[in-house]
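**Student:** Sequence:
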Amino acid sequence: DLYYRLKVFPIFLAPLREHPEDILPLTKHFLARFNREMRREILDLHPEAQACLTRYVWPGNVRELRNVLERAMILTSGEMLHLEHLPPEIGAGPADRPPATQTPPRAVPAAFPTEGVRLEEVERDLVRMALDATEGNQVRAARLLGISRDALRNRMKKFGFLSSS
43 DLYYRLKVFP
53 IFLAPLREHP
63 EDILPLTKHF
73 LARFNREMRR
83 EILDLHPEAQ
93 ACLTRYVWPG
103 NVRELRNVLE
113 RAMILTSGEM
123 LHLEHLPPEI
133 GAGPADRPPA
143 TQTPPRAVPA
153 AFPTEGVRLE
163 EVERDLVRMA
173 LDATEGNQVR
183 AARLLGISRD
193 ALRNRMKKFG
203 FLSSS
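When the count follows my numbering, it moves up by one through the sequence shown with no breaks and lands on 207 for the last residue.
Don't read these hints as lab results, they were simulated from the structure.
The beta-carbon is built from N, C-alpha and C at its ideal position, and this holds for glycine as well.
Incorrect hints may appear among the rest.
[Said to hold, decoys possible] Ranges of calculated distance between the beta carbons of each label pair, as one might list FRET restraints:
1. Ser-190 with Ala-93: 32 to 38 Å
2. Arg-47 with Arg-81: 37 to 43 Å
3. Val-164 with His-88: 20 to 26 Å
4. Asp-43 with Arg-82: 41 to 47 Å
[To be verified] Under the rule of at most 25 Å between Cα atoms (straight-line distance), these lysine to any residue pairs were calculated in the SDA-like manner:
5. Lys-70 with Ala-93
6. Lys-70 with Leu-125
7. Lys-49 with Ala-74
8. Lys-199 with Leu-186
9. Lys-70 with Val-164
10. Lys-70 with Arg-108
11. Lys-70 with Lys-49
12. Lys-200 with Val-159
13. Lys-200 with Glu-162
14. Lys-199 with Gly-178
15. Lys-49 with Ala-93
16. Lys-70 with Ile-116
17. Lys-70 with Leu-58
18. Lys-199 with Val-164
19. Lys-49 with Arg-97
20. Lys-200 with Glu-165
21. Lys-199 with Asp-167
22. Lys-70 with Ser-119
23. Lys-199 with Glu-165
24. Lys-70 with Val-50
25. Lys-70 with Arg-97
26. Lys-49 with Val-104
27. Lys-70 with Asn-179
Can you make the complete structure from the sequences, with help from the hints?
**Tutor:** Following this line, the structure appears as structure tokens:
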């Protein structure tokens with residue numbers, strides 16, 4: 043029902059890769075926002091990091107940019123975000139990047155164990171890593187994982203990270 047209600051008035055929103063001039067203003071916005079939320083004082087991005095952000099194709103659009111900046115702010119202890127605080131795929135040169143129409147592959151283990159991999163174990167490890175990276179902040183951990191806080195709490199209960207009471 044909601045789908046058909048929304049379909050009455052379609053809205054086209056161009057992808058971020060078609061508007062690279064918006065990347066740095068969005069970056070400033072997210073830095074200010076995360077500075078308030080995390081009680082930090084990251085002043086700016088190093089020019090080399092800015093150049094990499096504007097060259098990247100952003101298959102995940104603004105949400106990916108937001109997540110990359112939040113991750114970088116968690117990783118830095120200084121007043122400026124540098125290239126080493128960004129994920130490796132962001133710093134790849136134009137020749138190393140996939141074309142704009144192609145989504146980059148997700149990280150996969152170099153070799154699967156012969157007995158296979160249990161998806162539940164991988165999910166548990168990702169939840170633990172997100173919680174560790176955010177020092178237990180469930181809202182930020184959920185944002186890093188791209189899920190709601192309630193979904194994160196359900197997974198925490200499932201994996202025994204949170205008592206069910």
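**Student:** Compare the structure with each hint and give your call.
**Tutor:** Comparing the hints with the structure gives:
1. At about 34 Å, the beta-carbon gap between Ser-190 and Ala-93 stays in the expected band of 32 to 38 Å.
2. Take Arg-47 and Arg-81: their Cβ atoms lie about 41 Å apart, and the range 37 to 43 Å holds.
3. Distance hint check: the CB atoms of Val-164 and His-88 are about 33 Å apart, inconsistent with the given range 20 to 26 Å.
4. Distance hint check for Asp-43 and Arg-82: the Cβ-Cβ separation is about 43 Å, which falls inside the suggested range of 41 to 47 Å.
5. For the proposed pair Lys-70 and Ala-93, the alpha carbon gap of about 14 Å is at most 25 Å, so the pair holds.
6. A C-alpha spacing of about 16 Å is found between Lys-70 and Leu-125, which places the hinted pair at or below 25 Å, so the restraint holds.
7. Using a Cα cut-off of 25 Å, the hinted pair Lys-49 and Ala-74 is violated, with the two alpha carbons roughly 35 Å apart.
8. Only pairs whose Cα atoms come within 25 Å are accepted, and Lys-199 paired with Leu-186 is accepted, the gap being roughly 18 Å.
9. Only pairs whose Cα atoms come within 25 Å are accepted, and Lys-70 paired with Val-164 is rejected, the gap being roughly 34 Å.
10. At most 25 Å may separate the alpha-carbon atoms for a hinted pair to count; Lys-70 and Arg-108 meet this at roughly 11 Å.
11. Restraint check for Lys-70 and Lys-49: not satisfied, since their Cα atoms lie roughly 33 Å apart, outside the 25 Å limit.
12. Distance hint between Lys-200 and Val-159 is fulfilled; the C-alpha atoms sit about 18 Å from each other, no more than 25 Å.
13. In summary, the hint linking Lys-200 to Glu-162 is supported, as the alpha carbons are separated by about 10 Å, within the 25 Å threshold.
14. Our distance criterion of 25 Å between C-alpha atoms is met by Lys-199 and Gly-178, whose separation comes to about 14 Å.
15. Restraint check for Lys-49 and Ala-93: not satisfied, since their Cα atoms lie roughly 38 Å apart, outside the 25 Å limit.
16. Between Lys-70 and Ile-116 the alpha-carbon distance is near 16 Å, which keeps this suggested pair within the 25 Å criterion.
17. Under the criterion of a C-alpha separation no larger than 25 Å, the hint pairing Lys-70 with Leu-58 is consistent with the structure, at around 15 Å.
18. Between the alpha carbons of Lys-199 and Val-164 the distance comes to roughly 16 Å, so the proposed pair stays at or under 25 Å and holds.
19. With a C-alpha separation of about 33 Å, the suggested pairing of Lys-49 with Arg-97 is violated against the 25 Å cut-off.
20. A threshold of 25 Å between alpha carbons decides the hint, and for Lys-200 with Glu-165 the separation of about 11 Å falls inside it, so the pair holds.
21. Of the supplied pair hints, the one linking Lys-199 and Asp-167 holds, its CA atoms being roughly 14 Å apart against a limit of 25 Å.
22. Under the criterion of a C-alpha separation no larger than 25 Å, the hint pairing Lys-70 with Ser-119 is consistent with the structure, at around 18 Å.
23. As the CA atoms of Lys-199 and Glu-165 are separated by approximately 13 Å, the hinted pair is consistent with the 25 Å bound.
24. Restraint check for Lys-70 and Val-50: not satisfied, since their Cα atoms lie roughly 35 Å apart, outside the 25 Å limit.
25. For the hint pairing Lys-70 with Arg-97, the CA-to-CA distance comes to about 17 Å; that is within 25 Å, so the pair holds.
26. Between Lys-49 and Val-104, the direct Cα distance comes to roughly 22 Å. Compliance with the 25 Å bound is thereby established for this hinted pair.
27. The hinted pair formed by Lys-70 and Asn-179 meets the criterion: a straight-line CA distance of about 23 Å does not exceed 25 Å.
Of the numbered hints listed earlier, those contradicted by the structure are 3, 7, 9, 11, 15, 19 and 24.
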